[in-house]
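**Q** So the chains spell out like this:
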Amino acid sequence: MEALTWTGSLGTILNPALMVLLALLAVAIVAQLILGFFAPAQTLQSNPDGTIAATTGPLGLAETGVKYTFFGVLAIVIAYIVVPQVMPYGSAGIVGEISKRFLPVWISLIALFAVSIIYKRKLGLYGKLFDSTVGMIGFGLVMFWVFTAFFVAVFDMIATHDYLTVVSGLKNKGPGVPVPEGTAGLIPHYLLGGDNLARDIFSRVVRGSVFVIAIAPLATIFAFMVGITLGLPAGFYGGKLDTFLSFVANLILAFPVILLFYLLVTPEIVETGIPSYMAAFLFIFPLIFFGVLLNSRYYTQPAKRTAILVPVLGILGWLYLSVINQRGTVIDFLPAWMDLFDISILVVFVSVVFVNAPTVFRIVRGLTLDLRTRDYVAAAQTRGEGAWYIMLWEILPNARGPLIVDFCLRIGYTTILLGTLGFFGLGLSSESPDWGSTINEGRKLLLIFAHPALPPAAALLSLVLGLNLLADGLREESLKD
Amino acid sequence: MGLFILRRLGVMLLTALCLTFIVFWLTNLAPNLEKLAKTQGNARMSDEAVVSWLGNRGYSQALPIKYGQWLGVLPGYVIEGTDGEVRARCAEPGQPIEEASSFCGILQGDWGYSTVFKDEVGSIIATRLGLTGKLMFWVMMVMVPGALIIGVLAGMREGSRTDRSLSTVSIVSTATPEYVSGVVFISVFATATFGMQWFKGTATGAMDDATFENFFLPVITIALYGMGYIARMTRASMTEVMTAQYIRTARLKGVSFPKIVMKHALRNALIAPFTVIMLQFPWLLNGVVIVETLFNYKGFGWVLVQAAGNNDIELLLGVSIVSVFVVLVTQLISDIGYVFLNPRIRIS
Numbered sequence: 000m001e002a003l004t005w006t007g008s009l010g011t012i013l014n015p016a017l018m019v020l021l022a023l024l025a026v027a028i029v030a031q032l033i034l035g036f037f038a039p040a041q042t043l044q045s046n047p048d049g050t051i052a053a054t055t056g057p058l059g060l061a062e063t064g065v066k067y068t069f070f071g072v073l074a075i076v077i078a079y080i081v082v083p084q085v086m087p088y089g090s091a092g093i094v095g096e097i098s099k100r101f102l103p104v105w106i107s108l109i110a111l112f113a114v115s116i117i118y119k120r121k122l123g124l125y126g127k128l129f130d131s132t133v134g135m136i137g138f139g140l141v142m143f144w145v146f147t148a149f150f151v152a153v154f155d156m157i158a159t160h161d162y163l164t165v166v167s168g169l170k171n172k173g174p175g176v177p178v179p180e181g182t183a184g185l186i187p188h189y190l191l192g193g194d195n196l197a198r199d200i201f202s203r204v205v206r207g208s209v210f211v212i213a214i215a216p217l218a219t220i221f222a223f224m225v226g227i228t229l230g231l232p233a234g235f236y237g238g239k240l241d242t243f244l245s246f247v248a249n250l251i252l253a254f255p256v257i258l259l260f261y262l263l264v265t266p267e268i269v270e271t272g273i274p275s276y277m278a279a280f281l282f283i284f285p286l287i288f289f290g291v292l293l294n295s296r297y298y299t300q301p302a303k304r305t306a307i308l309v310p311v312l313g314i315l316g317w318l319y320l321s322v323i324n325q326r327g328t329v330i331d332f333l334p335a336w337m338d339l340f341d342i343s344i345l346v347v348f349v350s351v352v353f354v355n356a357p358t359v360f361r362i363v364r365g366l367t368l369d370l371r372t373r374d375y376v377a378a379a380q381t382r383g384e385g386a387w388y389i390m391l392w393e394i395l396p397n398a399r400g401p402l403i404v405d406f407c408l409r410i411g412y413t414t415i416l417l418g419t420l421g422f423f424g425l426g427l428s429s430e431s432p433d434w435g436s437t438i439n440e441g442r443k444l445l446l447i448f449a450h451p452a453l454p455p456a457a458a459l460l461s462l463v464l465g466l467n468l469l470a471d472g473l474r475e476e477s478l479k480d
Numbered sequence: 000m001g002l003f004i005l006r007r008l009g010v011m012l013l014t015a016l017c018l019t020f021i022v023f024w025l026t027n028l029a030p031n032l033e034k035l036a037k038t039q040g041n042a043r044m045s046d047e048a049v050v051s052w053l054g055n056r057g058y059s060q061a062l063p064i065k066y067g068q069w070l071g072v073l074p075g076y077v078i079e080g081t082d083g084e085v086r087a088r089c090a091e092p093g094q095p096i097e098e099a100s101s102f103c104g105i106l107q108g109d110w111g112y113s114t115v116f117k118d119e120v121g122s123i124i125a126t127r128l129g130l131t132g133k134l135m136f137w138v139m140m141v142m143v144p145g146a147l148i149i150g151v152l153a154g155m156r157e158g159s160r161t162d163r164s165l166s167t168v169s170i171v172s173t174a175t176p177e178y179v180s181g182v183v184f185i186s187v188f189a190t191a192t193f194g195m196q197w198f199k200g201t202a203t204g205a206m207d208d209a210t211f212e213n214f215f216l217p218v219i220t221i222a223l224y225g226m227g228y229i230a231r232m233t234r235a236s237m238t239e240v241m242t243a244q245y246i247r248t249a250r251l252k253g254v255s256f257p258k259i260v261m262k263h264a265l266r267n268a269l270i271a272p273f274t275v276i277m278l279q280f281p282w283l284l285n286g287v288v289i290v291e292t293l294f295n296y297k298g299f300g301w302v303l304v305q306a307a308g309n310n311d312i313e314l315l316l317g318v319s320i321v322s323v324f325v326v327l328v329t330q331l332i333s334d335i336g337y338v339f340l341n342p343r344i345r346i347s
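In order, the protein sequence lines correspond to chains A and B.
Start counting the first sequence at 0; every next residue gets the next number (numbering that gives the first Met the number 0).
Start counting the second sequence at 0; every next residue gets the next number (numbering that gives the first Met the number 0).
Any given hint might turn out to be false.
One side of the interface only, derived from the structure: several residues of chain B facing chain A at Cβ under 10 Å [to be verified]:
# : residue
1 : Met0
2 : Leu12
3 : Ser122
4 : Met139
5 : Ala191
6 : Thr203
List of simulated lysine-lysine pairs, DSBU-like, C-alpha gap at most 35 Å [as the list claims (entries may be wrong)]:
#  : chain 1 : residue 1 : chain 2 : residue 2
7  : B       : Lys262    : B       : Lys252
8  : B       : Lys117    : A       : Lys172
9  : B       : Lys133    : A       : Lys443
10 : B       : Lys258    : A       : Lys66
11 : B       : Lys262    : A       : Lys239
12 : B       : Lys262    : A       : Lys479
13 : B       : Lys258    : A       : Lys170
14 : A       : Lys99     : A       : Lys119
15 : A       : Lys443    : B       : Lys252
16 : B       : Lys258    : A       : Lys443
17 : B       : Lys37     : A       : Lys443
18 : B       : Lys133    : B       : Lys252
19 : B       : Lys262    : A       : Lys443
20 : A       : Lys119    : A       : Lys443
21 : B       : Lys262    : B       : Lys117
22 : B       : Lys34     : B       : Lys65
23 : A       : Lys66     : A       : Lys121
24 : A       : Lys443    : A       : Lys127
25 : A       : Lys479    : B       : Lys258
26 : B       : Lys34     : A       : Lys479
27 : B       : Lys65     : B       : Lys297
28 : B       : Lys297    : B       : Lys34
29 : B       : Lys297    : B       : Lys262
30 : A       : Lys99     : A       : Lys479
To be clear, the hints were calculated from the coordinates, so they are not data collected in a lab.
From the three backbone atoms N, C-alpha and C, an ideal C-beta is built for every residue, glycine too.
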């Protein structure tokens, strides 16, 4: 087998065209930026016949240029993705093969966007997202990785080789290297080359998305549960409770994150069981949250309340016990048949929640301080509603806008934190395919072989960027209300 | 104002005490001490030997007492060990026990001894902080003006094309953690992969002799991540100021746009970024640790990694004190500075 080139026969036409268009785009953007400082604000000139004409000048020309060259670049990028789908294996090069591997993701993305755009007026805030370009780009990037993780984890698609298999002779080989005959794998090439243990980088990167997509949102949800459950009473009641909780939150925030990770995520600390106790403490907050949420709503109808609370708390309690109960740690009392799963990276999960919760607490507290003086709170108090009903059913829904935006940003931040942990090799096994660990593996030989570290770096960057753009789009759209 | 500063100082002191106690507790947990005994004494020690080794060196005392001794408010231990030798916390090597001072802790300026570097913790931290200070100085020189310029340019005409492109730039930079941008910069500008081998991929040489070639990449890597955030805050505060009544008055008087921005808007728009810049220090510390590891620049962050990775308890405690101190002092400066800069806030 021959090694794959980057773009194969497809590149002979598309590559020069892309280069020219990119150069033009760069020129147009620079021209627009420079002209933007000097050009006067657009002047409108009214003609005698009642029409109005805008003078555009060189700035207008540059803007049109940016627009059309950008569409040109976009068209070529789409061609890079679409055309290889009908070409035989190998003729479209590495880029073509990668876009073929992602075919299920492309289909899902197109379907999702088509459905969402058609029904966007009926979909509330989510639908409004499709009015903003930035929000759509961000959502597209995020969903790309969500779908990738889904197809890799559930159907075992996309990845071409096993992410742990070592193939001799492919150590640190560059992108598109052919694998020896008889190696297990869907295609006879390593699309993005081999890492320093001769494993397929492409498969490791797509496999790594499963870790991030599963852990980051979950950890953020837990941090929000803790932050909301403590932040609402702190802001609502104020006084000593607020002083104490704020002090503790500031205490955690004053800790340099990396120092905290180094202190918490070591085998010695795991041995003492501190992470298990922290998990037992932090993960009880969802139970409290849902218990209080439902109780405050239905306590006037005891029969209905019991009918709802018992199953909800039962299931949550079982999940809670399964999560904190770990083989071979201090908390290990459940019989094996009751223990649903063992999370091997509980300590990573706990420390990420622990670091994020104080910030959420501060945000929720600030919002509550602002919202508790509103008329609807006073109305609820006059009706004789309980304090927790007011906090959870009056204040919290009205604070949802900033909280949703912060949720998106915080998932991105959690992704960065997970990457940091992987980068320092804390709490994750060295074989773990997550992006931080892969970057850490790749950086050791970075000056000699640059290719192993770049794909996970690009993947992490695109996911976090997508989340930030999504948050920006959501903020913009929610402000329009 | 004086009372406000005093109260803030009190809270800061309390926070520092709590944080150092937590670090002290975590580093003095039984498994950590056992590891220490085995690395310092003999790797194949029996459990009894570990216990007596720790007992002889004062590690088996109650935690608050150990913390008090380390802090320097309780007299250091003098223990006659099971092996008959008398050891005192404050005795220098070779110094007779009777001549040793009774108090030796952080307050007396005795930071302890590093087991990894075989040197006094105080002197290690001083030299490494100097190196990191050099890095931080240049980071600040790049980051602060860059962020303020981007933020002011973006915020002066809200919704314009300049605003949108610069805002996108700042979003991209906040979405790029140091370990991503550092790796990308090294592979693009320090290897032959893309044919742009303009800079050095390590900053080890910059410790003695910093040049543009070996120092630019680490500085820009840290600066980029913080820059986007500060720029966004500056933009937000600038847009807010630009919609204020007095700016409209100035426009209606016929003051030119550049003059409005420079003379009227800028001063008020820079209050909020000041606090943000100060509060960025804890995050910069993160960046410093990552970048110093990545570029092999042996400064404060690198020492933190070495101390934590090798269970060097006293060095780790020293490092924690310094970083907690930096964080708290910048918070204090940010609070006080905000009050000073903003005449509308009067805290009695």
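**Q** Indicate, hint by hint, whether the structure satisfies it.
**A** Right, here's what the structure says about each hint:
no., hint, in the structure
1, Met0, "21 Å, violated"
2, Leu12, "12 Å, violated"
3, Ser122, "21 Å, violated"
4, Met139, "18 Å, violated"
5, Ala191, "9 Å, holds"
6, Thr203, "12 Å, violated"
7, B:Lys262 with B:Lys252, "14 Å, holds"
8, B:Lys117 with A:Lys172, "41 Å, violated"
9, B:Lys133 with A:Lys443, "25 Å, holds"
10, B:Lys258 with A:Lys66, "32 Å, holds"
11, B:Lys262 with A:Lys239, "45 Å, violated"
12, B:Lys262 with A:Lys479, "32 Å, holds"
13, B:Lys258 with A:Lys170, "61 Å, violated"
14, A:Lys99 with A:Lys119, "30 Å, holds"
15, A:Lys443 with B:Lys252, "62 Å, violated"
16, B:Lys258 with A:Lys443, "52 Å, violated"
17, B:Lys37 with A:Lys443, "29 Å, holds"
18, B:Lys133 with B:Lys252, "47 Å, violated"
19, B:Lys262 with A:Lys443, "51 Å, violated"
20, A:Lys119 with A:Lys443, "47 Å, violated"
21, B:Lys262 with B:Lys117, "56 Å, violated"
22, B:Lys34 with B:Lys65, "18 Å, holds"
23, A:Lys66 with A:Lys121, "31 Å, holds"
24, A:Lys443 with A:Lys127, "45 Å, violated"
25, A:Lys479 with B:Lys258, "32 Å, holds"
26, B:Lys34 with A:Lys479, "59 Å, violated"
27, B:Lys65 with B:Lys297, "31 Å, holds"
28, B:Lys297 with B:Lys34, "25 Å, holds"
29, B:Lys297 with B:Lys262, "44 Å, violated"
30, A:Lys99 with A:Lys479, "40 Å, violated"
Hint violations for this structure: numbers 1, 2, 3, 4, 6, 8, 11, 13, 15, 16, 18, 19, 20, 21, 24, 26, 29 and 30, all remaining hints satisfied.
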